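Visitor: Sequence:
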Amino acid sequence: MKVCFIGQDLNIKSGWGRLTGEITEGIKKRGIQIDSINTGKALRSWRFFSIFLDAFYVRNKIKDCDIIHCFDGYPYGIIGALANIGLKKKLIINGVGTYSVLPLYQRKYKKLLIWAYKKASKILCISHFTASEIKKAVELDNIEVVTLGVDLKKFGNCPSKGKKTDDQKVILSVGGLMFRKGYHVSIPAVAKVKESYPDILYYIIGDQSNEEYFNRLKKMVRDYGLNGNVKFFSNISDEELSRMYCGADLFLLTSVNDGHKFEGFGLVYLEANAEGLPVIGTLGCGAEDAIKDGYSGFLVPQNNAEETAKAILKILDDESMTEEMKSNALLWAKANSWDTVIDKYISIYEKVIGKN
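Under my numbering, the first residue of the sequence shown carries the number 63, and numbering increases by one thereafter.
Hints listed in this document are in silico derivations from the structure and should not be mistaken for laboratory results. Because the structure is a prediction, the values reported are computed rather than measured. Any given hint could turn out to be false.
Cut-off 27 Å, straight-line C-alpha distance, at most; resulting in silico cross-link-like pairs (DSSO-like, lysine-lysine) [claimed, not checked]:
#: 1; residue 1: LYS216; residue 2: LYS197
#: 2; residue 1: LYS180; residue 2: LYS254
#: 3; residue 1: LYS354; residue 2: LYS197
#: 4; residue 1: LYS198; residue 2: LYS256
#: 5; residue 1: LYS281; residue 2: LYS293
#: 6; residue 1: LYS64; residue 2: LYS406
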């Protein structure tokens, strides 16, 4: 069996890149022959007409593959489907998040993406929410949900899960500074928490290239009197990230849906769980699969700083409940490791090519 992967890049600093990298490396380690077509370098496919040129380029790469595996619907699923015309390879498309759904509501891309989805042997969605959003736009019977996993070798290495030795409380967020990550909700929530914990620290780690949104957040920090409480970080290593997880009391990411842009899953929740942290995410997005509500963390309504603050205080105030939730978080992470996910992918590969 040989699998050809089509995706953006293998940059582990992005959720997309981590998804691509973990799956391709996991499949390779199981002895399956792979070929990764890194579109971040080779293709130009974010422009509509480039999709067809890129499909021609990909076609020459996939002729000896058994399976074409595309990471997301647009543009990679379309490229894979176009490249596969006449070749009759098995086509698998990951339904990730925004770019699996948003193009279904855009006149330029809608028909192409629907056609690609119908040509796929399987559409493997990373959350039930992503699957439901695709099904709202197109009727399909080839959708299956395979959630993401956490690398327990990279995360889960805190020297002690009762790790903190000081009384200062630390909240951690990880994710690019963009509207749908909901930092404009979490910052006011932390301001409410500060009323009970004046020395609270809130660390926000993520790409800061969206200057307009970043400036908005910095203004919010000033306006809420949080200059000494909120700190922004970017471009840190996995090792440093792990250390920051180990120094935190809880993980927070209050994702919000922005039209058809949404959190497809939220791998960072599992990474935080692997470090023994309770997590807080939001309802109505992929976080509902990443977080076991009341067990590994809490799910709160979107755009609700008041309920978010209540969830934070619940964790900070109730030591016995929090210790139990920390233990649960570790168990949840272990139950959702990449090894488990890769087993599911290989089983699906074998089924689509008729080995089982």
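Visitor: Please flag the earlier hints that this structure goes against, numbers listed from lowest up.
Guide: 1, 2, 4
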